[in-house]
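Chemist: Could you put the whole structure together from the sequences, leaning on the hints where they help?
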Amino acid sequence: AQKITQTQPGMFVQEKEAVTLDCTYDTSDQSYGLFWYKQPSSGEMIFLIYQGSYDEQNATEGRYSLNFQKARKSANLVISASQLGDSAMYFCAMREPNNYGQNFVFGPGTRLSVLP
Amino acid sequence: DGGITQSPKYLFRKEGQNVTLSCEQNLNHDAMYWYRQDPGQGLRLIYYSQIVNDFQKGDIAEGYSVSREKKESFPLTVTSAQKNPTAFYLCATSRRGQPQHFGDGTRLSIL
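Chains S and D, in that order, are what the protein sequence lines are. Quick note on my numbering: the first sequence kicks off at 796 and runs consecutively. Quick note on my numbering: the second sequence kicks off at -8 and runs consecutively.
Calculated from the structure, these hints are not laboratory results. Even glycine gets a Cβ: it sits at the ideal position worked out from N, Cα and C. Accuracy of the hints is not assured; some may be wrong.
Partial pick of chain D residues on the chain S-facing surface, computed with a CB cut under 7 Å [stated by the list, open to error]: (1) Pro30; (2) Gly33; (3) Gln91; (4) Gly96.
Far from chain S, by Cβ distances over 10 Å, these chain D residues were calculated [said to hold, decoys possible]: (5) Thr(-4); (6) Asn44; (7) Pro66.
In silico EDC-like cross-links for lysine to aspartate or glutamate, where the CA-CA straight-line distance does not exceed 20 Å [claimed, not checked]: (8) S:Lys798 - D:Asp50; (9) S:Lys798 - D:Asp29; (10) D:Lys0 - S:Glu839; (11) D:Lys74 - D:Asp29; (12) D:Lys48 - S:Glu891.
Modeler: And the structure:
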């Protein structure tokens, strides 16, 4: 079963506007973590933002914020004031404990294109 | 300079050949991971290791092997049993409860 769902294969946004990238997750654990990563065309994975399952406030990091709705199991990424350099693939990921330690599961990604 | 070093950046494999991808870290992280990424797709877990001399299979371990003899190193061997090895391979590390850090990746192609 898919544990991380990103329903938007591709998104377009005008430069300087805000954009929301959707992510829903599935877990029966009470303790877990949610992450967003950016992958430019060069291939490296860049960590953007983290939300713990017990954090009551939404995480923010500069122009990135995470809209965490625990009851709905959603963790959407909001990018404010989009820049041309934001064009990339964006992956939502979840850390969950397992019998061996911890594992990370990634969604299929959303390709964001910022238009001038 | 702290980080994760993957080498080589590009690698070519002949039919029937085993190749080994290197991943070295100096972040002192306990956990290390190998992922495979096909074009336009997400990351799929191949193997991961939480401690030295121990590792676990991920979702697509068939045709791959790993070792973890040192904390700093987690090499991945793509064996001849892996019939479709062309992909982008990413190594990651993490400390418990923290985000993963990634290397710059190795692109493997068939000759």
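Chemist: Each hint should be assessed against the structure and marked as holding or not.
Modeler: Hints, one by one, checked against the model:
no. : hint               : in the structure
1   : Pro30              : 11 Å, violated
2   : Gly33              : 4 Å, holds
3   : Gln91              : 6 Å, holds
4   : Gly96              : 5 Å, holds
5   : Thr(-4)            : 13 Å, holds
6   : Asn44              : 14 Å, holds
7   : Pro66              : 20 Å, holds
8   : S:Lys798 - D:Asp50 : 13 Å, holds
9   : S:Lys798 - D:Asp29 : 19 Å, holds
10  : D:Lys0 - S:Glu839  : 12 Å, holds
11  : D:Lys74 - D:Asp29  : 14 Å, holds
12  : D:Lys48 - S:Glu891 : 16 Å, holds
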